[in-house]
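S.K.: Sequence:
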Amino acid sequence: MLRSFMLRSFMLASCAPTQPPTMISYSRRALLVTAVATRSLGAQRVPVDTTSRRDSAVAVDSTTSAQSPVSAGDHAVHFDKRLAVGLVLGSLAVMPLDRQAESWLQRPSLQSSSTLHSTAGGFNWLGGTGVLAGSVGALAIGRLTGNDRLSEVGLHTTEAIVASGAIVAVTKGIMGRQRPYLEKGDPGDFFVGRGFGNGGLASFPSGHTAAAFSAATVLSIEAHRSWPKAAPIISPLLYGGATAVGLARMYGSHHWASDVALGATVGTLTGIQVMRYNDAHPENKLSRWLAHTSIAPDGSRGVSVGVSLPLR
Numbered sequence: 001m002l003r004s005f006m007l008r009s010f011m012l013a014s015c016a017p018t019q020p021p022t023m024i025s026y027s028r029r030a031l032l033v034t035a036v037a038t039r040s041l042g043a044q045r046v047p048v049d050t051t052s053r054r055d056s057a058v059a060v061d062s063t064t065s066a067q068s069p070v071s072a073g074d075h076a077v078h079f080d081k082r083l084a085v086g087l088v089l090g091s092l093a094v095m096p097l098d099r100q101a102e103s104w105l106q107r108p109s110l111q112s113s114s115t116l117h118s119t120a121g122g123f124n125w126l127g128g129t130g131v132l133a134g135s136v137g138a139l140a141i142g143r144l145t146g147n148d149r150l151s152e153v154g155l156h157t158t159e160a161i162v163a164s165g166a167i168v169a170v171t172k173g174i175m176g177r178q179r180p181y182l183e184k185g186d187p188g189d190f191f192v193g194r195g196f197g198n199g200g201l202a203s204f205p206s207g208h209t210a211a212a213f214s215a216a217t218v219l220s221i222e223a224h225r226s227w228p229k230a231a232p233i234i235s236p237l238l239y240g241g242a243t244a245v246g247l248a249r250m251y252g253s254h255h256w257a258s259d260v261a262l263g264a265t266v267g268t269l270t271g272i273q274v275m276r277y278n279d280a281h282p283e284n285k286l287s288r289w290l291a292h293t294s295i296a297p298d299g300s301r302g303v304s305v306g307v308s309l310p311l312r
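Letter 299 of the sequence shown, counting from 1, is numbered 299 in this note's numbering, and no numbers are missing.
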């Protein structure tokens, strides 16, 4: 499936039309990307064995003397290089469509719509403040109510958003790509190394899109684990919302199409790796710290946060 997606992306890039594509063709491409991402994650997610851990522990304990010690490599976090390379190449293959996508989204008939402007503003907020506030809020509410499952989902989502943000920030600074609103119709302006601290040269990749896709990835994996029957409905909604964030960034001339594509790739891969790391290291330092953190009402319409650490 991945090779087929790469081939289709390459064919689209190499056979790009000279006139702006129609709204239907762009919608089909967006739906294709969403479907491929969703199905890929369904195949890549790491299953959680919640029913046999205790039995496995008993079996290991009873046969320890007959087994060799576990090597450090057994706990290594697997990284699918083929998936990463395929997604990155697919993102770069979108570059020949940058100018056409911008031209289509900046048409007066679309830009004059107050409904589209307000909708794009909502998705801009979602990809910026919304997903991070939601993940931190879930973490806090989970601790406040004693819901460990909710706090765990909030923690994993926050980790993915922060990690993808760090990757995006470094990439933006190095690439120094000029944003569309500074010079429309010229997606080839890269000022290498000058994107640090310069918002106008921080177009590549899209941080809002990366945050939205990292959150969608973690929540999609969690949905497959907790609600497997509802996951086929939940996952497309999550990725559809993340895709809308990217389109909103393009609609406002903040990003080129390839910025959004690479942002989606960074977010997706980061979400996968965060979940795999937490599965391989369930007792990592951050999780142990969280286990000793409590949040409770302080009696004055606020909350108090406490951390209890063992003395030995």
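Each hint should be verified, as a subset may be incorrect.
[What the hints assert, rightly or not] So the derived label-pair ranges between C-beta atoms look like this:
(1) S114 x G137: 28 to 38 Å
(2) A166 x Q111: 15 to 25 Å
(3) D148 x S109: 42 to 52 Å
(4) P108 x L182: 27 to 37 Å
(5) H281 x G146: 39 to 49 Å
(6) D148 x T115: 39 to 49 Å
(7) T115 x D189: 23 to 33 Å
(8) T145 x R107: 43 to 53 Å
(9) K81 x V162: 40 to 50 Å
Hints listed in this document are in silico derivations from the structure and should not be mistaken for laboratory results.
All C-beta atoms, glycine included, are put in the ideal place defined by N, C-alpha and C.
S.K.: Confirm or reject each hint.
M.R.: Evaluated hints:
1. Range check, S114 to G137: about 30 Å between beta-carbon atoms, so the 28 to 38 Å window is met.
2. Between A166 and Q111 the beta carbon distance is about 33 Å. The supplied range of 15 to 25 Å is therefore violated.
3. Checking the proposed 42 to 52 Å range against D148 and S109 shows it holds: the Cβ atoms sit about 51 Å from each other.
4. Between P108 and L182 the C-beta distance comes to about 20 Å, which lies outside the given range of 27 to 37 Å.
5. At roughly 24 Å, the beta carbons of H281 and G146 sit outside the given window of 39 to 49 Å.
6. At about 42 Å, the beta-carbon gap between D148 and T115 stays in the expected band of 39 to 49 Å.
7. Our hint of 23 to 33 Å for T115 and D189 holds, since their Cβ atoms are close to 32 Å apart.
8. The supplied range of 43 to 53 Å is met by T145 and R107, whose beta-carbon atoms lie about 48 Å from each other.
9. Distance hint check for K81 and V162: the Cβ-Cβ separation is about 23 Å, which falls outside the suggested range of 40 to 50 Å.
Of the numbered hints given earlier, the model fails hints 2, 4, 5, 9; all others are met.
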